[in-house]
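In case it helps, the working numbering puts the first sequence at residues 1 to 208.
Just so you know, the hints here were simulated from the structure itself, not pulled from any lab data.
Careful, some of the hints might be misleading.
Claimed, not checked - Restraint ranges, calculated between C-beta atoms of paired labels, are given here: (1) ARG120 to PRO191: 35 to 43 Å; (2) GLY37 to TYR82: 18 to 26 Å; (3) GLU38 to ASP144: 15 to 23 Å.
To be verified - Cross-link-like lysine to any residue pairs, in silico, SDA-like; alpha carbons within 20 Å at most: (4) LYS55 to THR197; (5) LYS128 to GLU116; (6) LYS67 to SER146; (7) LYS55 to VAL178; (8) LYS136 to SER146; (9) LYS55 to TRP187; (10) LYS136 to ARG122; (11) LYS67 to MET90; (12) LYS62 to THR156; (13) LYS67 to GLY99; (14) LYS136 to THR156; (15) LYS35 to GLY158; (16) LYS35 to THR156; (17) LYS35 to GLU96; (18) LYS136 to GLU116; (19) LYS136 to SER126; (20) LYS35 to LYS136; (21) LYS62 to GLY158; (22) LYS62 to LEU180; (23) LYS128 to LEU21; (24) LYS136 to LYS67; (25) LYS55 to LEU21; (26) LYS62 to GLN75; (27) LYS35 to SER146; (28) LYS62 to ALA79; (29) LYS55 to ILE190; (30) LYS136 to LEU117; (31) LYS55 to PRO19; (32) LYS55 to LEU117.
Backbone N, C-alpha and C define an ideal beta-carbon position, used for all residues, glycine too.
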Amino acid sequence: MKTGSVGRNALTRNFYDQPTLEVARSLIGARLCVKPGEQTISGIITETEAYIGEKDLGCHAKSGLTKRTAVMYGQPGMAYIYFTYGNHWMFCVVTEAAGIPAAVLVRTVVIDQGLELVSRNRGHVSRKHWSDGPGKLTQAMEIDGSQHGADITNPTSGIWIEEGRLIPEESVTIRPRVGLYNVPEPWKSIPWRYLVTRKTNLEDLWDY
DNA sequence: ATCTAGATGACCT
DNA sequence: GGTCATCTAGATG
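Kindly produce the complete structure, drawing on both the sequences and the hints.
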């Protein structure tokens, strides 16, 4: 958990090679880690969304295989990172076997390592809002297009996810995905979003 | 606390 | 040219 074991419990390819909804649920409580330099920045994942296949009209793969979505068609456990709204990087992990375009978007983490770096990146807002949104967490953790396609199962890539906390079922809420304003039903309202309930004291997730 | 509007650029049609 | 898997500041109750 501390310095000595960083990267040793990285989730393996088998983990991501599962139905996307299972991966999205299982990632709640896991620890997303990056190592841009000497120091590691990490956070416990508390919100995810699933995007599954070409039929899912909320998923980028609805347009088929393009330059942008190619990573989603490849091996599970790779980083699918894209730029949107002219400002924001989004971080996703590819799921399911090669050929099936699907991914899990990480929407919120609670920072538990690298507080100094994150404070530098996000110090202009209160700690509560450091990484409570997909665009915010990439800014906090220094994730951008340069990590697109990175192997999340291999810590030497500089970005990985490791075992974190076990979050019990009663602490996980399932809701429709966010931000799909013009997506037709049933995709707009399908409950493929997982988040830790508000009642859960997020400070319990901190190591400090 | 809740809402609205504008930013800003890659991607797809 | 329209659409975005969003964020922030500023206004309003």
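Now the hints, each set against the structure:
1. ARG120 to PRO191: 35 to 43 Å: holds, 37 Å
2. GLY37 to TYR82: 18 to 26 Å: Hint holds: Cβ distance 24 Å, inside 18 to 26 Å.
3. GLU38 to ASP144: 15 to 23 Å: holds, 19 Å
4. LYS55 to THR197: violated, 29 Å
5. LYS128 to GLU116: The hint holds at about 15 Å.
6. LYS67 to SER146: Holds, at roughly 15 Å.
7. LYS55 to VAL178: holds, 18 Å
8. LYS136 to SER146: holds, 17 Å
9. LYS55 to TRP187: holds, 9 Å
10. LYS136 to ARG122: holds, 8 Å
11. LYS67 to MET90: OK: LYS67 and MET90 at ~17 Å, within 20 Å.
12. LYS62 to THR156: violated, 32 Å
13. LYS67 to GLY99: OK: LYS67 and GLY99 at ~15 Å, within 20 Å.
14. LYS136 to THR156: violated, 24 Å
15. LYS35 to GLY158: holds, 5 Å
16. LYS35 to THR156: Given pair LYS35, THR156 holds - Cα atoms ~9 Å apart, limit 20 Å.
17. LYS35 to GLU96: Given pair LYS35, GLU96 is violated - Cα atoms ~26 Å apart, limit 20 Å.
18. LYS136 to GLU116: holds, 16 Å
19. LYS136 to SER126: holds, 12 Å
20. LYS35 to LYS136: holds, 17 Å
21. LYS62 to GLY158: violated, 30 Å
22. LYS62 to LEU180: With Cα atoms ~13 Å apart, LYS62 and LEU180 stay inside 20 Å; holds.
23. LYS128 to LEU21: violated, 27 Å
24. LYS136 to LYS67: violated, 25 Å
25. LYS55 to LEU21: Holds, at about 15 Å.
26. LYS62 to GLN75: Measuring from Cα to Cα gives roughly 18 Å; hence the hint holds.
27. LYS35 to SER146: Holds, because 13 Å separates the two Cα atoms, which is no more than 20 Å.
28. LYS62 to ALA79: holds, 19 Å
29. LYS55 to ILE190: Distance of about 13 Å is within 20 Å: holds.
30. LYS136 to LEU117: Answer holds: LYS136 to LEU117 is near 14 Å, not above 20 Å.
31. LYS55 to PRO19: holds, 15 Å
32. LYS55 to LEU117: violated, 40 Å
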